Amino acid sequence: MYAPLPNVGPMNWIDAMEHLDKNPLLFTLAVLIFADVITGISKSLVTSTTDSSIGKKGFAIHITIILLVWLLYPWSIAIGYKWVGDAVLWLWIFMYATSITENVGQMGLPLPHFIKDRLNKLSDYAENGEPEKENKEDK
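Heads up, the sequence shown is in numbering that gives the first Met the number 0, so the first residue is 0 and it goes up one at a time.
These are calculated hints, taken from the structure and not from any lab test. Check the hints yourself; a few may be wrong.
Stated by the list, open to error - No farther apart than 16 Å at their CA atoms in a straight line, the calculated lysine to aspartate or glutamate pairs in the EDC-like style are these:
1) K81 x E17
2) K55 x D35
3) K81 x D35
4) K56 x D35
5) K21 x D116
Unchecked claim - Computed beta-carbon distance windows for the label pairs:
6) T27 x T63: 14 to 20 Å
7) L110 x H18: 46 to 52 Å
8) S41 x V7: 40 to 46 Å
9) S41 x W82: 31 to 37 Å
As the structure is a computational prediction, the values presented were derived from the model and not from experiment. Cβ atoms here follow ideal geometry from the backbone N, Cα and C, with glycine treated the same way.
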């Protein structure tokens, strides 16, 4: 009635791990994570909003994503569902590309209006070129 479960042991996972360096999606994700860190630091310096607690949280999130991908992507290959792992990688690639674009826009670098209009964090920049001042008492 049900399809048999794949017999996946540690050796299957290790075999799948051996080929990770040849995966262009993983390489792209690694480059985007690095670029996100660099643009995030640059944004905080340019906008004078450097905050160590935000930096620590961001670093923890990046490390968590790297570890999850490193552990779970080979497993998806080993059980025959590489397409699921690839779909998750595409999702993270899109999310990091969006984050980099937001960082670049918040630094004041020129972006096309059709991009600014579609990114929530940049909607205030699209209207008047400056971010809306947040009222800390409202939070």
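Hint by hint, which ones does this structure get wrong, listed from lowest number up? Violated hints: 3, 5, 7; rest satisfied.
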